[in-house]
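Heads up: the sequence shown runs through residues 12 to 77, numbered per our numbering.
Be a bit skeptical, because a hint or two may be false.
What follows is a set of in silico ranges between Cβ atoms, one per label pair, in the way DEER data are often shown [claimed, not checked]:
| no. | residue 1 | residue 2 | range |
| --- | --- | --- | --- |
| 1 | GLN76 | LEU43 | 30 to 36 Å |
| 2 | ARG17 | GLN76 | 38 to 44 Å |
| 3 | GLN76 | ALA44 | 19 to 25 Å |
| 4 | GLN67 | THR24 | 40 to 46 Å |
Because the hints were derived from the structure by calculation, they are not lab data.
What you are looking at is a predicted structure, and each value in this text was computed from that prediction instead of being measured.
Virtual Cβ for every residue (Gly too), placed ideally from N, Cα, C.
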Amino acid sequence: LDHVCRLMSIAYTGRLQGVDELAWLAWVLEQLARCEWSAEAARCLLPDAWRALQEQKAEEVDAGQE
């Protein structure tokens with residue numbers, strides 16, 4: 012039960028930040044599987060950092076279509 016509560020807390024954090032929590036969590040798991048992370052480097056895994064990355068990617072796509 013503790014694991015479920017922790018996971019729901021993490022997912023709800025994403026929701027509060029206005030991100031698609033499932034997409035964000037899937038991305039976080041992919042990133043964790045690829046790299047060794049320090050506490051400082053883990054900040055880039057937070058929902059607001061993920062949202063900024065998604066917005067940057069969308070802008071690049073839009074710029075490429077012009």
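Results of checking the hints against the structure:
Taking the beta carbon of each, GLN76 and LEU43 are about 32 Å apart, inside 30 to 36 Å as hinted. A C-beta distance of roughly 41 Å is found between ARG17 and GLN76, which places it inside the suggested range of 38 to 44 Å. Checked against the hint of 19 to 25 Å, the pair GLN76 and ALA44 fails, with Cβ atoms roughly 32 Å apart. The supplied range of 40 to 46 Å is broken by GLN67 and THR24, whose beta-carbon atoms lie about 21 Å from each other.
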